[in-house]
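S.K.: For reference, the chains in residue letters:
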Amino acid sequence: DTAVSQTPKYLVTQMGNDKSIKCEQNLGHDTMYWYKQDSKKFLKIMFSYNNKELIINETVPNRFSPKSPDKAHLNLHINSLELGDSAVYFCASSPGADVKYFGPGTRLTVT
Amino acid sequence: GENVEQHPSTLSVQEGDSAVIKCTYSDSASNYFPWYKQELGKGPQLIIDIRSNVGEKKDQRIAVTLNKTAKHFSLHITETQPEDSAVYFCAASIGYQKVTFGTGTKLQVIP
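So the protein lines, in turn, are chains A and B.
In terms of my numbering, the first sequence has 9 at position 9, counting the first letter as 1, and numbering is strictly consecutive.
To convert, take the position in the second sequence, counting from 1, and add 1000; that gives my numbering.
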């Protein structure tokens, strides 16, 4: 009974490509997030959606576009991938309160 | 915006000893302070949290203390075990707003 799931777990691609990462939560939470963890393990929020509406949009290149087709899904699409996009991307969900439940992460490697 | 500093960045303790990780935050409006444990290859998992109206909270071998005046909060792990080895993150947030994470502490418990 997976709570927050992400696909794929690993993603290796070349510079300039477009890729998507999918996230699903079966917890019935209203709020979902995307976080980026860099090579030094620093975690930083990218986006937050509440009931399919964007509520937090940090200083992220507009090559990154989140899409929430419904409350249970928040996908991340990345255009024109760059070397600096290599990182682990975590999806998370929250019941509208403070506690966050993280997915297992997607390790993106851009070559 | 909020700035969270975390120390130490690495910590090695003998099994059975205690471990203490300290964090400071900058925004006095922050009112929620979670601690996350991240094991290798996994997403962060909430282990304990504290709200600003409480000075201390304990859950079995882990405890968190909060000093609002000094804007400090700490994680205490007693009777450490090898399975406590992981990266620990403190964080601070204002209600539903974005969570700002510390830089992480890699804890190694030596058997």
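It is possible that some hints are incorrect.
Interface residues of chain A toward chain B, partial, derived using beta-carbon atoms under 8 Å [said to hold, decoys possible]:
{"no.": "1", "residue": "Y10"}
{"no.": "2", "residue": "G28"}
{"no.": "3", "residue": "K41"}
{"no.": "4", "residue": "S48"}
{"no.": "5", "residue": "L54"}
{"no.": "6", "residue": "I56"}
{"no.": "7", "residue": "V60"}
{"no.": "8", "residue": "P61"}
{"no.": "9", "residue": "R63"}
{"no.": "10", "residue": "F64"}
{"no.": "11", "residue": "G84"}
{"no.": "12", "residue": "V99"}
{"no.": "13", "residue": "F102"}
If you're looking for bench data, these hints aren't it; they were derived computationally from the structure.
Beta carbons: idealized from backbone N, C-alpha and C, even for Gly.
S.K.: For the hint on S48(A), does the least C-beta distance to chain B fall short of 8 Å?
M.R.: Hint on S48(A): holds, closest Cβ of chain B at ~7 Å, below 8 Å.
S.K.: Report holds or violated for the interface hint on F64(A), using the least CB-CB distance to chain B and a cut-off of 8 Å.
M.R.: Violated. Min distance 16 Å.
S.K.: Holds or violated: is the Cβ of F102(A) closer than 8 Å to a Cβ in chain B?
M.R.: It holds, given that the least Cβ distance between F102(A) and chain B is near 3 Å, below 8 Å.
S.K.: Does the interface hint hold: is V99(A) within less than 8 Å of chain B, judged Cβ to Cβ?
M.R.: Because about 6 Å separates V99(A) from the closest Cβ in chain B, which is inside the 8 Å limit, the hint holds.
S.K.: Minimum Cβ distance from V60(A) to chain B below 8 Å?
M.R.: Not OK, violated: V60(A) not within 8 Å of chain B, min 12 Å.
S.K.: Quick check on the hint: I56(A) CB to chain B CB, less than 8 Å?
M.R.: Holds - the Cβ of I56(A) comes within 8 Å of chain B, reaching about 5 Å at its closest.
S.K.: Restraint: R63(A) near chain B, CB-CB cut 8 Å. Satisfied or not?
M.R.: violated, 21 Å
S.K.: Using the nearest Cβ pair, does G84(A) come within less than 8 Å of chain B?
M.R.: violated, 19 Å
S.K.: Verify the interface restraint on P61(A): the C-beta must sit less than 8 Å from at least one C-beta of chain B.
M.R.: violated, 18 Å
S.K.: Any CB of chain B closer than 8 Å to the CB of Y10(A)?
M.R.: Violated - the Cβ of Y10(A) stays beyond 8 Å from chain B, reaching only about 11 Å at its closest.
S.K.: At a threshold of 8 Å, is the proposed contact between K41(A) and chain B supported by beta-carbon distances?
M.R.: Since the shortest Cβ distance to chain B is 5 Å, the answer is holds.
S.K.: Can we keep the G28(A) interface hint, with Cβ of chain B closer than 8 Å?
M.R.: With Cβ-Cβ at 17 Å, over 8 Å, it is violated.
Hint compliance for this structure: hints 1, 2, 5, 7, 8, 9, 10 and 11 are not met, and every other hint is.
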